[in-house]
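Peer 1: This is what each chain is made of:
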Amino acid sequence: MLGILRLDVWKGLIGGAIGTALGVFITMIIRSLQGLDNTWDTTATSPWNVIVIPACVMGTLGFLIGVGSMTDWLKWMVGRKGSDGHYHPKPGVPQWHRYFGMDTNHKVVGIQYGVLGIVVLLIGGLFALIFRTELAEPGLQYLSANDYNSLIGLHGQLMFIAVLLGIGAMANYLVPIMIGAQDMAFPRINGFAFWINVPAAVMLLSSIFLGGFDTGWTAYPPLSVRAHLGMQMALIAVFILGFSSILGGLNLIVTIFLMRAPGMSLFRMPIFVWGVLATSLLQLTATQFIGLSFLMVTLQRAVDIPFFDPARGGDVTLYQHLFWFYSHPTVYIWILPGLGIISEILPVFARKPLFGYPFIAMSSMAIAIMGYLVWAHHMWASAMDPFLRVPFMMTTLTIAVPTGIKFFSWLATLWEGKIRFATPMYFTLGAIVLFLLGGLTGPPSALVVTGLHLHDSHFVVAHFHITVFGGFMFTYFAAIYYWFPLLTGRMYSETLGKIHFGVMFIGFIIFALSLFRVGLLGMRRRIADYTIDFGGIFGIEWQMLATIGAFMAGLGVLVMLGNLVFSAMYGKKAVHNPWRSRSLEWQIVAPPPELNFSALPQIVGHPYDYGLPGSVYAILSPDDQVVAEPVKPNQITPSKPALPAAAVTGD
Amino acid sequence: MATAIERHHAAVEHHHDEHHHHVIEFTPAQRLSMNRLGLWLFLISETFLFAGILVARIVLLRDEGGSFTRPELDQQLGLVITFILLLSSLAVYMGETAISRGEIGRFKAGIGAAIVMGLIFTVGVGYEWSIAHFAPSDGVEGGMFFFMTGMHALHVLTGIIFLMIVYWNGRLGNYTKQSHWGVEASALYWHFVDVVWVFFYVALYLIGHVPEVH
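Listed in order, the protein sequences are those of chains A and B. Just so we're aligned: 235 in my numbering is position 235 of the first sequence, and the numbers increase by one with no gaps anywhere. Just so we're aligned: 1043 in my numbering is position 43 of the second sequence, and the numbers increase by one with no gaps anywhere.
Read the hints as simulated data drawn from the structure, not as lab findings. In this text, all values refer to a predicted model and were calculated from it rather than measured experimentally. By construction, the Cβ of each residue, glycine as well, lies at the ideal position given by its N, Cα and C atoms. Some hints could be false.
[What the hints assert, rightly or not] Straight-line alpha carbon distances no greater than 30 Å define the calculated DSBU-like cross-link-like pairs of lysine-lysine that follow: (1) B:K1177 - A:K75; (2) A:K90 - B:K1177; (3) B:K1177 - B:K1108; (4) A:K75 - A:K90; (5) A:K81 - A:K11; (6) B:K1108 - A:K81; (7) A:K572 - A:K418; (8) A:K572 - A:K498; (9) A:K573 - A:K418; (10) A:K498 - A:K573; (11) B:K1108 - A:K75.
[As the list claims (entries may be wrong)] Chain B regions said to be covered by chain A (calculated; three or more residues, Cβ under 8 Å): (12) 1114–1125; (13) 1194–1206.
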């Protein structure tokens, strides 16, 4: 048990504590010498709005140095040789320790992202259930108004991080294997980009103890300038998280462009990689804008630069423009990998080629590029020049074209396919349904006439949540179940998987439809209490139904967690390539070896030629190729017995 | 969970031993092109940051009639430090070309001169801060001035640190004609920071007029 004490993450925490303390003390001493006040309080004008900035920066640096994520760089700086960047087992140190320290292997980093993402998801989900319980009935029952506000703001920002971490998990684990590489282009940056999330998440959560903040996740000034000290922590935390997004995106772009296996042209990449590429381009560039907008609020709070104070020449609308220039593209950052997952999983379960591959690939890029041009549709009700409304409405509606291409391609892929129903397929189809509902409720929110009416109502909340559930959450769950046998070499429980899907899908539909309803009836978002009787159905109030639906969705996540943990420990051994995919990651042994491939695979065909006789996708080194074992019909649980794996050929 | 992870790794290690996987090393040329693409992507990302700051300047620093305003600054000082910073780019370039010819003496002279000029620039900006007629909180003209020069000076300072690291490693003999990515990267970053200043100098010192009253 004492081995736990030797985890690198403790060194990181000690380093973080030392850095934070140093930051606090140095700043306090400098301020004292200048004759400035250092009294502790958590108001918006507290001197601690200044002191926490160096404290957070130095704390983050201390954590990153302590955990070892900068060791090689520091050695290079002084002219010494660093490590070779590969994992070498140390005698006496258990293997699992590497998951709690700096590691450069993309699969370890991917799992680190995934686990931290699930933890953050659970906390953010718990917050949602708390305030959803408050909203179930009129009147304030459990929460104070300020706690309610802090919880909705933190729910938004935590889920924001959880989704980005989920994307990091999938992209890091899958992309290098899918393109036939041994690791990412910059493995050290990869490990660094993961670990920077940990201090940032801690900072963000600490805001709840520092007065919280009442702005919601968007942190609009002037309210964010007047919010408690917790606001400052949340702003700095998100700023620091931006480094992870930018570096992660940079790493993936270089990996995808320069490390593909011989023969893998861009249009022979698995379609998920296209989604990740489009997302990475957005992460690389747009993230700077949320950093900038939050930095400006941070500085106005700390040193009173009047960026957003109209009395001194500032402009609050400027914040909204800068903020949404990132925060609209960010929903495409979330959904593009998710839509890639749908396109990845459908052909495997329909046993048909992906319909219109190049169009799907290009539609991802089109969504990414057009994503830059729609931000002001969040601002119909702002002080923005009304002249700008129409062009932004037009660009917003145009996004439906590339999205529609994807929908029709998915339908055409399913058409006359030999569809096999297993948990990943259920979640994929569920994602398509939800994303369609999200898409259809988009135009009413985007059209200026109806958008002004729906602005800041629960209708918009429901639209946003159903889009993200369809575009990301359900596809993420599909991905987790789909690649679980690859990650662990074991099979999850199909029954529990289907229960998860059923509970979650029905629960979420109830939740979303109730929210649409109360939103249309005038329920505003970010309101802790309401007095209107919204009516209901079957004798249950809509607000209560939304809460019940939310709890069902939460229950579904718990079922999944139980399933995953139990199956990882005691699950049946998975057969090789249980879904009979042609993609590279399923051709090698599961779980994949440290370096994935002993020799680069040769790509000679198209990845989705399912059912085309004689088609070949890749030729692997005999060392990597797994010889198909004879399969007993009951060895895996899907409804139809798996056929013997036919490696990388037609079917 | 621990047991599952351990088993996971037992499987990994088993396979590892079976096939003796080895690292497929990149050629130096491949590694260099990866590094170059990575750095350029980073610079593109930074471009978005500075472009956003310029947008904020364009939106905020206007008078009621809509024409541009600017903070009241020491024009001579601004011109001199701008000149010095641009000259430092030339020095970095000389250092970089020198190391690609293997001339360590000229390399040190070039990089060293750039470090000194970068420091003079930073001190110049600091002096401008100290003689400013306004505080950051007085108005957006002053606020934007401190914000823009501060963000830029932060990048200049990191650039100076990179150049110092490169100088030190050069002294230790860690760079050769063929292999000096660190020099190339720091030089490119330095040029980038200089180009940013060209825009910031115009935005802060040249366009618009000083408003009558603060």
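Peer 1: State for each hint whether it applies.
Peer 2: To see whether the hints hold, each was checked on the structure:
A hinted pair counts as satisfied when its Cα atoms are at most 30 Å apart, and K1177 (chain B) with K75 (chain A) qualifies at roughly 22 Å. In summary, the hint linking K90 (chain A) to K1177 (chain B) is not supported, as the alpha carbons are separated by about 37 Å, beyond the 30 Å threshold. Between K1177 (chain B) and K1108 (chain B) the alpha-carbon distance is near 14 Å, which keeps this suggested pair within the 30 Å criterion. Proposed proximity of K75 (chain A) and K90 (chain A) is supported: the alpha carbons are some 21 Å apart, at most 30 Å.
Between K81 (chain A) and K11 (chain A) the CA atoms are separated by roughly 22 Å; this keeps the pair inside 30 Å, and the hint holds. As the CA atoms of K1108 (chain B) and K81 (chain A) are separated by approximately 22 Å, the hinted pair is consistent with the 30 Å bound. With a C-alpha separation of about 26 Å, the suggested pair K572 (chain A) and K418 (chain A) falls inside the 30 Å cut-off, and the hint holds. Between K572 (chain A) and K498 (chain A), the direct Cα distance comes to roughly 17 Å. Compliance with the 30 Å bound is thereby established for this hinted pair.
Taken as a hint, the K573 (chain A) and K418 (chain A) pair is honoured in the structure, with Cα atoms around 26 Å apart against an allowance of 30 Å. Annotation: proposed proximity of K498 (chain A) to K573 (chain A) holds, straight-line Cα distance about 19 Å (limit 30 Å). Under the criterion of a C-alpha separation no larger than 30 Å, the hint pairing K1108 (chain B) with K75 (chain A) is consistent with the structure, at around 21 Å. Counting residues of the segment 1114–1125 of chain B whose CB falls under 8 Å from any CB of chain A gives 0; the rule of at least 3 is not met.
Interface restraint, the segment 1194–1206 of chain B with chain A: violated (0 residues with C-beta to C-beta distance below 8 Å; minimum three).
Violation of the numbered hints given earlier is confined to hints 2, 12, 13; the remaining hints are satisfied by the structure.
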